[in-house]
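Chemist: Sequence:
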Amino acid sequence: MFAPVEEVLSTPAVLAIVGASGIWGSGIAPADQAAPYVVWQTVADDPYVQLSGAPEDDRDEVQIDIYSAIEAQSNALARAVRDALDDAGVVNALVFAARETATKLFRISLRADFIHTRQ
1 MFAPVEEVLS
11 TPAVLAIVGA
21 SGIWGSGIAP
31 ADQAAPYVVW
41 QTVADDPYVQ
51 LSGAPEDDRD
61 EVQIDIYSAI
71 EAQSNALARA
81 VRDALDDAGV
91 VNALVFAARE
101 TATKLFRISL
111 RADFIHTRQ
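Using UniProt numbering, read the sequence shown as starting at 1 and increasing by one per residue.
Think of the hints as simulated: they come from the structure by calculation, not from any bench.
Keep in mind that this is a model prediction, so the values were computed, not measured.
Hints should not be assumed to be uniformly reliable.
[Stated by the list, open to error] Now the in silico label distances, taken between C-beta atoms and shown as ranges:
| hint | residue 1 | residue 2 | range |
| --- | --- | --- | --- |
| 1 | 6 | 91 | 15 to 21 Å |
| 2 | 115 | 25 | 15 to 21 Å |
| 3 | 12 | 72 | 18 to 24 Å |
| 4 | 69 | 11 | 20 to 26 Å |
| 5 | 44 | 12 | 25 to 31 Å |
| 6 | 56 | 87 | 20 to 26 Å |
| 7 | 34 | 11 | 16 to 22 Å |
| 8 | 117 | 86 | 18 to 24 Å |
| 9 | 46 | 104 | 32 to 38 Å |
Here a beta-carbon is modelled for each residue, glycine too, at the ideal position from N, C-alpha and C.
Using the sequences and the accompanying hints, generate a full structural model.
Modeler: Pasting the structure below:
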């Protein structure tokens with residue numbers, strides 16, 4: 001629970017593309033947010049249960065969605081996000097890439113497994 005997603009994603013490479021206010025939790029960005037941007041949400045949370053006491057660690061499965069009006073830019077942002085996750089030791093995988101019919105934005109979705117100590 002409470003994976004350090006924004007902390008991990010706030011690398012110079014990611015922020016160079018989305019700016020200081022381009023990463024949003026809860027899976028949604030404000031309606032007036034200009035693309036490109038990144039949204040994320042926790043999909044599942046599993047405590048590492050142990051017999052000797054309360055869990056000390058959690059595994060959070062997080063969905064990260066990248067949006068951009070330009071396909072090449074969405075690809076560059078996805079690479080920057082993937083590199084940020086890799087550098088932090090967070091296992092990740094591409095889930096899908098598509099163009100949203102309603103917004104016409106390119107979307108790349110990643111799954112990331114954060115394993116972290118409870119705070």
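Chemist: Run every hint past the structure and note whether it holds.
Modeler: Each hint, compared with the structure:
Range check, residue 6 to residue 91: about 18 Å between beta-carbon atoms, so the 15 to 21 Å window is met. Between residue 115 and residue 25 the Cβ separation comes to about 19 Å, which falls inside the hinted range of 15 to 21 Å. Separated by about 20 Å at the C-beta atoms, residue 12 and residue 72 satisfy the suggested range of 18 to 24 Å. The supplied range of 20 to 26 Å is met by residue 69 and residue 11, whose beta-carbon atoms lie about 22 Å from each other.
Distance hint for residue 44 and residue 12: a CB-CB separation of about 30 Å, consistent with the stated range 25 to 31 Å. In this structure the hint that residue 56 and residue 87 lie 20 to 26 Å apart at CB holds, the actual value being about 24 Å. Checked against the given bound of 16 to 22 Å, the beta carbons of residue 34 and residue 11, roughly 20 Å apart, stay inside it. One distance hint, 18 to 24 Å for the beta-carbon pair residue 117 and residue 86, holds here, with the actual separation near 20 Å.
Remark: the range hint 32 to 38 Å for residue 46 to residue 104 is upheld by a beta-carbon distance near 36 Å.
In this structure, every one of the numbered hints holds.
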